[in-house]
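**Student:** Each chain, letter by letter, is given below.
Protein chains: 4
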Amino acid sequence: MSQKTVNDVQIAYIGGGSQGWAWGLMSDLAMEKQISGKVKLYDIHYDAAYQNEVIGNQLNERSDVVGKWRYEAVRKLEDALEGANFVIISILPGTFEEMKSDVHLPEKYGIYQSVGDTVGPGGLIRALRTIPLFVKIAEHIQKYAPKSWVINYTNPMSLCTRALYHTFPEIKAIGCCHEVFGTQKLLAQMVELLCGIEKVSREEIEVNVLGINHFTWIDQASYTGKDLLPLYREFVDKYYETGYEGSEEGHWMNNHFASAERVKFDLFKRFKVIAAAGDRHLAEFMPNTWYLENPQKVKEWKFGLTPVQWRIENKKRLVEKGYRLSKGEESFQIDPTGEEGVEIIKSLLGLRKMISNVNIPNTGQMKDVPLDSIVETNAIVSYNSVRPVLAGKLPAPVHKMIIEHIYNQETILQAALTKDKEIALQAFLQDPLVSSNSPEQNAELFEEMLSHTKNYLEGWNIHQKVN
Amino acid sequence: MSQKTVNDVQIAYIGGGSQGWAWGLMSDLAMEKQISGKVKLYDIHYDAAYQNEVIGNQLNERSDVVGKWRYEAVRKLEDALEGANFVIISILPGTFEEMKSDVHLPEKYGIYQSVGDTVGPGGLIRALRTIPLFVKIAEHIQKYAPKSWVINYTNPMSLCTRALYHTFPEIKAIGCCHEVFGTQKLLAQMVELLCGIEKVSREEIEVNVLGINHFTWIDQASYTGKDLLPLYREFVDKYYETGYEGSEEGHWMNNHFASAERVKFDLFKRFKVIAAAGDRHLAEFMPNTWYLENPQKVKEWKFGLTPVQWRIENKKRLVEKGYRLSKGEESFQIDPTGEEGVEIIKSLLGLRKMISNVNIPNTGQMKDVPLDSIVETNAIVSYNSVRPVLAGKLPAPVHKMIIEHIYNQETILQAALTKDKEIALQAFLQDPLVSSNSPEQNAELFEEMLSHTKNYLEGWNIHQKVN
Amino acid sequence: MSQKTVNDVQIAYIGGGSQGWAWGLMSDLAMEKQISGKVKLYDIHYDAAYQNEVIGNQLNERSDVVGKWRYEAVRKLEDALEGANFVIISILPGTFEEMKSDVHLPEKYGIYQSVGDTVGPGGLIRALRTIPLFVKIAEHIQKYAPKSWVINYTNPMSLCTRALYHTFPEIKAIGCCHEVFGTQKLLAQMVELLCGIEKVSREEIEVNVLGINHFTWIDQASYTGKDLLPLYREFVDKYYETGYEGSEEGHWMNNHFASAERVKFDLFKRFKVIAAAGDRHLAEFMPNTWYLENPQKVKEWKFGLTPVQWRIENKKRLVEKGYRLSKGEESFQIDPTGEEGVEIIKSLLGLRKMISNVNIPNTGQMKDVPLDSIVETNAIVSYNSVRPVLAGKLPAPVHKMIIEHIYNQETILQAALTKDKEIALQAFLQDPLVSSNSPEQNAELFEEMLSHTKNYLEGWNIHQKVN
Amino acid sequence: MSQKTVNDVQIAYIGGGSQGWAWGLMSDLAMEKQISGKVKLYDIHYDAAYQNEVIGNQLNERSDVVGKWRYEAVRKLEDALEGANFVIISILPGTFEEMKSDVHLPEKYGIYQSVGDTVGPGGLIRALRTIPLFVKIAEHIQKYAPKSWVINYTNPMSLCTRALYHTFPEIKAIGCCHEVFGTQKLLAQMVELLCGIEKVSREEIEVNVLGINHFTWIDQASYTGKDLLPLYREFVDKYYETGYEGSEEGHWMNNHFASAERVKFDLFKRFKVIAAAGDRHLAEFMPNTWYLENPQKVKEWKFGLTPVQWRIENKKRLVEKGYRLSKGEESFQIDPTGEEGVEIIKSLLGLRKMISNVNIPNTGQMKDVPLDSIVETNAIVSYNSVRPVLAGKLPAPVHKMIIEHIYNQETILQAALTKDKEIALQAFLQDPLVSSNSPEQNAELFEEMLSHTKNYLEGWNIHQKVN
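Protein sequence lines, in the order shown, are assigned to chains L, D, C and F.
Using UniProt numbering, read the first sequence as starting at 1 and increasing by one per residue.
Using UniProt numbering, read the second sequence as starting at 1 and increasing by one per residue.
Using UniProt numbering, read the third sequence as starting at 1 and increasing by one per residue.
Using UniProt numbering, read the fourth sequence as starting at 1 and increasing by one per residue.
Careful, some of the hints might be misleading.
Since the list can't tell identical chains apart, any single copy or any two copies may satisfy a pair.
Below, computed lysine to aspartate or glutamate pairings styled on DMTMM-like, alpha-carbon distance capped at 25 Å [to be verified]:
(1) K367 - E241
(2) K299 - D335
(3) K172 - D227
(4) K269 - E339
(5) K327 - E248
(6) K465 - E241
(7) K185 - E404
(8) K269 - E440
(9) K353 - E179
(10) K299 - E179
(11) K269 - E192
(12) K108 - E422
(13) K367 - E444
(14) K226 - E32
(15) K465 - D237
No wet-lab data here; the hints were simulated from the structure.
These figures come from a predicted structure and were not determined experimentally.
Whole structure, please, built from the sequences with the hints as guidance.
**Tutor:** Set out below in structure tokens:
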């Protein structure tokens, strides 16, 4: 069975001009023997997509590339979708200018965000400009590729996926994210460290996953019959004060994406279940008095605030690299990304079967969570099928925090769909990251942030007075 | 049908030595023609119960008393329960010393509470000492009066009622509270004022009630075919700044229980549904930055912080009055209390049928609320039956706040039942009233408050170090 | 409050040319002081509607008529609907020719039906031709009177109401039926008979109602504080063999609508809850071996098979009477019908509040019944609001039978909506009334019946071979 | 990871004196490299268990046996349970004398049963005598091995498993059955036959399973990316009339367990989903007019009625064989059974992970099925964990039939637990297999059957007159 191949796979890549995610996909596809076909690249920046077409097609000529794919930039979304078996969505909603406002403007009011793309004031405003894009994408999928499987990587993940299903309820979409994998890797390292076992892979760490994207939790974990929760308690006790940095000591100080897992450890001490996302994401879901009160406190918790300026500069470097790659001045490096997109595609084609965590509407996999809200749990992915497993329910205090964010997201969705400033403010005021400011201060911040993103709020009455 | 009478009703009154509630019941019963029987008074202070026996039995000799009841103080809970058709519970858990700590100790940390008996740090600690008492009461009811109907007036209402059902799931218990009536009265006054109609009674104000006790909401209201929500919007707009005080201007400044309804009006402006409890209660369910940030802000919102010292002095006055009443030095005044207890008893006996708001376990009356949690909605009360009506669901942002408190209460229940300090702290840290303090400060406050109530925490390991 | 009046009520009557129901409404409206307005009569037979216009308008001149209404026949459905506050639907789907086939054709196969309009082969075929009509009506209501309240009297009640909600989910529709009232009357007579109380009215009999239309059950019943279930057991024991006929002994033999309640009594003996519909209806929900095996068995159970020929002749009599009434040759007799339609209208206008049984989608009022299926339980009807009460769950064996019919109805709905003969046959084969015949015999009967109703099955491929 | 071993596994085998199942387990364990340990055999016939101890321990000396296990017969249930990691239950409730009555007595009334151990009159009576045994077993497990995993093979599967959970809700029990495997094998053969592919194994046939034991259905099936439902339609069309017998033509006439799959094919034609159990079982869930009307019809459908006399004689042969095995006169043959018990044990130990169909309480895996009822769906079995996948919902007509049996089983459970003859009769009358007889005939049959099993109905008032 493993030798079976499928050779006419057609993938539509929305955001196909991206550097990071698109190159990663090219790399993973290049190493894959069982499938081949065509990738249509669509991007609002056609030139960027075209550059990726050039880069991608060069791969076919390389002898070390086993997976042969044709890349084609297209000018219209429908051209990408027509005939697609799979649709990948990985876009940046707005520009880094808007993101700058999302992330840094709240600092004026004492609100710090380590990422600013999921929850908190930044996540909310980003969602307001992203949801209309996803509504449009869903409408196009319904029209041009209703039977395709859709894989979303865009943040805010839960709301993007929610918008897809809300617009086209029969869509077959899943949201994929690697944050849980990171926690599995941490657990694998822990097993190596505390049990003296070598080469434990993250796939060998069995976990029960439940929660929402970037605020996902693990309440059962094992490694070949060994219960990892008691071990994790030991691990946390050992590294609680110093943090755990593995071989990369001090890394968290220099790398905007690294941490010493102290937030994760603290959450475990308090709630007895394992938070399964990076510390930068986790911290944003809690009241700001916990981990994000001010930059000093962030430093004590040993994680970092990611400045948007860094993203801007990084983007510049990637653009230059893209130019070099397309001109043949630099060789494209083929490395496994660690993402599961290609494995999921193979599973949906029936070439394998896998169990992994995905973001899809709740149809019962999480108990006492409203139906239709997007949750992240394990699912069995197999031929044309994604079936969630019943993940159960987290302890009441953790479940409560998840539910809070789910309802806030529901309010944000409604605000975005109805372009209603009052409803958007209701959600804004209820985000735990702003809960130590007064409603009046928060309303002021909201107005300011909204006006910075107004180019993406078509149809909104942005000057409406609300309270 | 209205002429029917029942003459052998037996009521067990737990907390029967109380001045306020017990005298109120005596008064209501004295005016009631259709039922008569016996009230057994049980109190941990037997003497107080005995004094009420004397006071109650004096009423039988008065010619203006149509409802004839025999009162009897008993020394044991089981003596009160045996043979009872109805059980009324109205107790003070602990003394005013504990309540002083509940309410005022948090002020040291900048946390102000207007009542301190329902939610917030005070409500939580009070619940920890109350739940064991209700577990014991439920066990006794199961043993001695399993078929009786139980009416609870004690706060924290939701958790007291939850503890009863948790302990004895087949119990027939309802929690009764007059806060919604107050809002109906406000709406009646509004109709009089804005429509020029005279003598509108609160019973004529039709409402759909949903939420939890003291954080109850109305999403439909009408008066003989007139939709009251648009009218309320007008009303709020008119009185938002000044507040509405009816005939009692300035009252809120002198009376610890009064308010100018400004919190209620603000909640309506923000959420478009009517908050249906007193402002002092409502404010405590919101983050403290909203209405309770400091005494000055409370004053601006025109409600009051009720000092426990006032309760202590008031109690003294009542004790003296009780003495005079029992000695015949003062005449017992018979007035309708406005409470519905007696009407509910009559309904359960089949003498009438009524629709009113009650606190009972959710069996579906509130959508997307966990089953078994105690909610407050309308119900039809008739012969041996309390059937909730399907109340629907509040707008997402309001629903979210209710759900948060429901899960926090669930955590508190679990802490109280398992005597687990860690779980109690989990709940404490998540109360919105403390959300602008850091977890470390809150943990310190928690320790201090817990030690002040330790006399009522039998079996707890109160010195356990938790984080 | 009771003196309030509403004088501009507008009612659309679909099926307004009917004799029975339309005249009943005229009669009830004529006696009603608090409301007045206009009734627009729409009927596919315009002349019949016009005749009723004449009859109705004559009433206004009579001095004994306190409720003044203007009647107007209209030629188009939209003309009736525009401006309507209330829509009443009471139509005959197809003619008596189709009904003849529904009811009597199965007799060839040994299948007897006492009514043939709800379940069984007759009810199914009737539903297939009725559902498209209700889809059309719902579409018109959505377009022309989306805010109106809709009261349906047409059978099959559950499927008609289901079709309305399926087509226009925001419709405010209720299905009303008097069968439960009949059982309340029986209980009232029982109280008079066994307790020696005089003049017990059906409204004084408190009941908890649950089930589906014509297969409704009562699991709690009381009369001013007296539990009626033990009394009913006594009553059944006394009259099980002879049946109970009240003052109308032998009536069931001569009147196609009467019975001696023996089916009802037998169901109580077997299931311990009270079946609350006429025996003719109840019998049709059970396997035919129970009560409808053959005419002899029907006679033993002392109820009757209603021949369609009787309906045809009765219709003739009514048509003649209608002619005389419209010509003034006969005086219109004003009598209360016992139907609650007018009271419901008054309640929805806010002039009163009532609790009664209605047919509406399940939103939780019946536990473990699929959401959206139409169930019959008590509801509170008040200003612009119908709120079901939580009715609980029947004993498993009765619940099972209800669920069976609910799923069969769901299958019938799907067959009618998709015009799918295979699905229709799936439902047909599963009706308990045909369960003692083989699938092959039943399929033959189905084909024959379907062809008799083909004039009303537009768009069906009626000659498709199915198995 | 696959090389890991666990060497101290302890299994309690209830029914450990059996020939079929116990020998099968010995055989599977003997071939298994990764686990070893001890099996304690408990049986009400100690001698039979002891004989199996002897047979089992002989295996250890054989060079072809890689899995080393010690067998020990014990005299008390608690001795078997203490220390057990796994409990296997495979018992015969009552003797073949009772089973004879279960299966053949109804024939007098024209009711034929092909197996008589799951549903129908035989299944019901068998359940009445089995449930008390499982209550007792569950109580012992709660007391002596509360953390163990319990694997049940006994019929009626659903009710046995239900009784375990009802008695000890925290039990970790699963019901295992090979009937679905049989259908997977049929699909594998179909793929070989129609696609010309060789050696397709049943494990390669991906299926979504849902339903209840022996009335399980498949609504999605694939083989390496090929959708098998259209193929099955083709298959059914080809073999509908003749049946499909593979290489074993005529087998169904001589083998009481074989069939030509015609029932399965007919159910597919009628309902468009694949029935996934043997025809003998499937037929019993339908009204008897479908497949079991009389022996002639059974023959036409090409399956068989299994006479209990055959079982009796077969048992005799096995007893003799057991004697020979224990005496070393015959060599124990080691062959894979095709059962998954051992693989499940390995998975629960963390040595592998598998997805397979199991019978466990519904916690949401089947939509619109009452919680707690036992359903059969796929689950992920891994270290100390069985998590069902969300299996969705079958088409309404099939769902309806499943629900009917679920409620009937619930009624049977209640009858068995309360020893209530009236409730047992309620369930009996509602079984579809008896629906073409009158309630009176069925009641008579019920009485007769009940009296034949009275030795196992301790505490019942078997002579109570019921109707």
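**Student:** The structure should be examined with respect to each hint, and the outcome stated for every one.
**Tutor:** Going through the hints against the structure:
no.	hint	in the structure
1	K367 - E241	neither (35 Å within a copy, 44 Å between copies)
2	K299 - D335	neither (33 Å within a copy, 64 Å between copies)
3	K172 - D227	between (35 Å within a copy, 17 Å between copies)
4	K269 - E339	neither (30 Å within a copy, 43 Å between copies)
5	K327 - E248	neither (35 Å within a copy, 67 Å between copies)
6	K465 - E241	between (48 Å within a copy, 17 Å between copies)
7	K185 - E404	neither (29 Å within a copy, 33 Å between copies)
8	K269 - E440	between (35 Å within a copy, 14 Å between copies)
9	K353 - E179	both (21 Å within a copy, 23 Å between copies)
10	K299 - E179	within (21 Å within a copy, 47 Å between copies)
11	K269 - E192	within (22 Å within a copy, 56 Å between copies)
12	K108 - E422	within (23 Å within a copy, 36 Å between copies)
13	K367 - E444	neither (37 Å within a copy, 34 Å between copies)
14	K226 - E32	between (33 Å within a copy, 21 Å between copies)
15	K465 - D237	between (51 Å within a copy, 14 Å between copies)
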